[in-house]
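Produce the complete structure using the sequences and hints provided.
Protein chains in written order, with the numbering used here: chain A, 1 to 263; chain B, 1001 to 1318.
Simulated from the structure, these hints should not be mistaken for lab results. Being a predicted model, the structure only gives us computed values, none of them experimental. We put the CB at the ideal spot given by N, CA and C, even for glycine. One should not assume that every hint holds.
Here are some of the chain A residues that sit facing chain B, going by a computed Cβ distance under 10 Å [as the list claims (entries may be wrong)]:
id : residue
1  : Met-1
2  : Trp-85
3  : Ile-174
4  : Glu-188
5  : Tyr-191
6  : Gln-199
7  : Gln-202
8  : Asp-212
9  : Ser-218
10 : Glu-231
11 : Ser-250
12 : Leu-255
13 : Leu-256
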Amino acid sequence: MKILVTVKEVATVEDEFEIDGTEIADQYLGADLNEWDDYAIEEAVQLQEDGIADEVVAVTIGPEDCEQTIRQALAKGADRAVRVWDDALEDVDLLDVNAKTEILSAVIEEEDPDLVLSGVQAGDDSFAATGVSVAENIGFQWGAVVNHLEHDLDDGVASVRRELEGGVEELTNIDLPAVLTIQTGINEPRYASLRGIRQAQQKPMDVKALADIGVDESTIETELELTDMYEPESESDATFWEGSAEETASELGELLRDKGVAQ
Amino acid sequence: MTDVLAVADHRRGELRDVSYEIITAGRQLADETGGDLHLAVISGTVDDFADKLNREGVDAIHTVSHGEEFNHDVYTQAVTQLYDELAPQYVLTPNSVNGLDYAPAIANQLDLPVVTDTIDLDNDGETLVATREMYGGKVETTNQLEGDAVVTIRGAEWPAAEGTGDAAIEAFDADIDEDAIGSTVNGFEEVGGGDVDISEADLLVSVGRGIEEEENLDLIRDLADALGATLSSSRPIVDNGWLPKNRQVGQSGKVVTPDVYIAIGISGAVQHVAGMKGSDTIVAINTDPNAPIMDIADYAIVDDLFDVVPELIEEFDE
Ligand SMILES: Cc1cc2nc3c(=O)[nH]c(=O)nc-3n(C[C@H](O)[C@H](O)[C@H](O)COP(=O)(O)OP(=O)(O)OC[C@H]3O[C@@H](n4cnc5c(N)ncnc54)[C@H](O)[C@@H]3O)c2cc1C
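Right under this line is the structure:
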């Protein structure tokens, strides 16, 4: 079977930063593979190692800059990658769920996988909606926040656990083809080996514009407009202990003794 | 179209808190749009749920009796049919794990935009302004949209609705197509039992990703020993397999209410805070003075944990 993994390079923010309009100023930003996608890739690669998947394809929406990050998926074992980007996306502050859905759906329809794995959410915009939206759009089944997947996929069914709140898991059978949104902790993502990293440079990364996948610019018009970004007003009324580590530790020690919780 | 349709959440026979909070959020929006607040409750003991949900501000409650527990296909079908019937402007759902398992599907099916995990909503009669966080709570953003939308709300951001309402309670005869149901829920399992019950502890020393390496965890163990405290953690520590699941504090872990909670190298993401905000006294040790944990901390040390923790151990080892 063929597995497609949706991956994203997310922006990371330094502790101290400044906001420039509706964005964080460039110099305070870093880039990383989305944490949740790392687990999705690992799950797909394990399915391949278990002889269940014949091919693992990583798909991303992002500019050329993100290729280095996306190659991590290839370095960890994905066979090839598809990157969609277009001038039309250049000036969009926030690509909303519908826009991502249109683009990813077009790629999925072209690739025709049996299973799509995506991260529960992206660490930057945290929408946590794309996987399920895509599934509904292309008529796949789905499961959100999956933290365990049985690897036999017998009879075209994925047996999963969905991680609910409060330490409760839901045991669910989902017909394939399906989109599963993968929760952290489902596996232990591997580090890319040096060999993997070298090989990744040779693996194909197809770059496609919207027209190449048959998506009309007008259909990805973002309905949600990001109008402001600001640092949340600090509601902190904490007492900040100042001084050397020795001094602050002693303040804390005193508090713990006062409260009678430590000897 | 100015009405609001809000959907309740329940599990294993109990309405979840957010079901009462969504009434408050929905009422506020309906007041702003000048419409009615409709509530939907789907599956389970719907009549009993409807009685409980009949609080001040609800205009109508639509019950959909079908199956016991949440099934996203049933929810998707029921809510889209209610939308067709009631033509509300906004569909509101909780941003719970289940909410995220059907709200995006409804939005896609109805061809509506979806905005998730909102912490504030404001409507001036035309434009919806939704406030949400990005980058793990480091910034807040406002997002505008015109027209109808599906919106999910974060739990514990709106107060629970109170009082007794006089809503019209009506059974909605949803036409559920069984053939379109592509997943079956077979049951539930509680996880994270084991040797220690962190929810019983008076003093929790809780460690997060700031610890960096598994070996460094020994430092925090030493601290817990020196203080006679119980060791707990944020999620990444458990995800890495460094501590068992029964030590995880948070939305998907345990809710704890110790006398003192020491958060070491923990940023205070909303899902973590959900599990520990009821602690009597919260102390944060973090290099980032703006980390979200500072908003709920009573005491804070802005410093490197690798400098502070050894000093603290020394103090109690003497
Ligand atoms: C559906 C869902 C459910 C979730 N459930 C949970 C849950 O139950 N519990 C939970 O915890 N999370 C949960 N999460 C994950 C949550 O969103 C965060 O990713 C997680 O809580 C972050 O953990 P952290 O604070 O340890 O790490 P980070 O957010 O990476 O924070 C690390 C902190 O350490 C500080 N730091 C770094 N180095 C040092 C140093 N040397 N000294 C002092 N401080 C330092 C940094 O400033 C930072 O604030 C859930 C997420 C989802 C999507």
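Against the structure, test the hints numbered earlier, and report the numbers of the ones violated in rising order. Violated: hints 1, 2, 5, 6, 7, 8 and 9.
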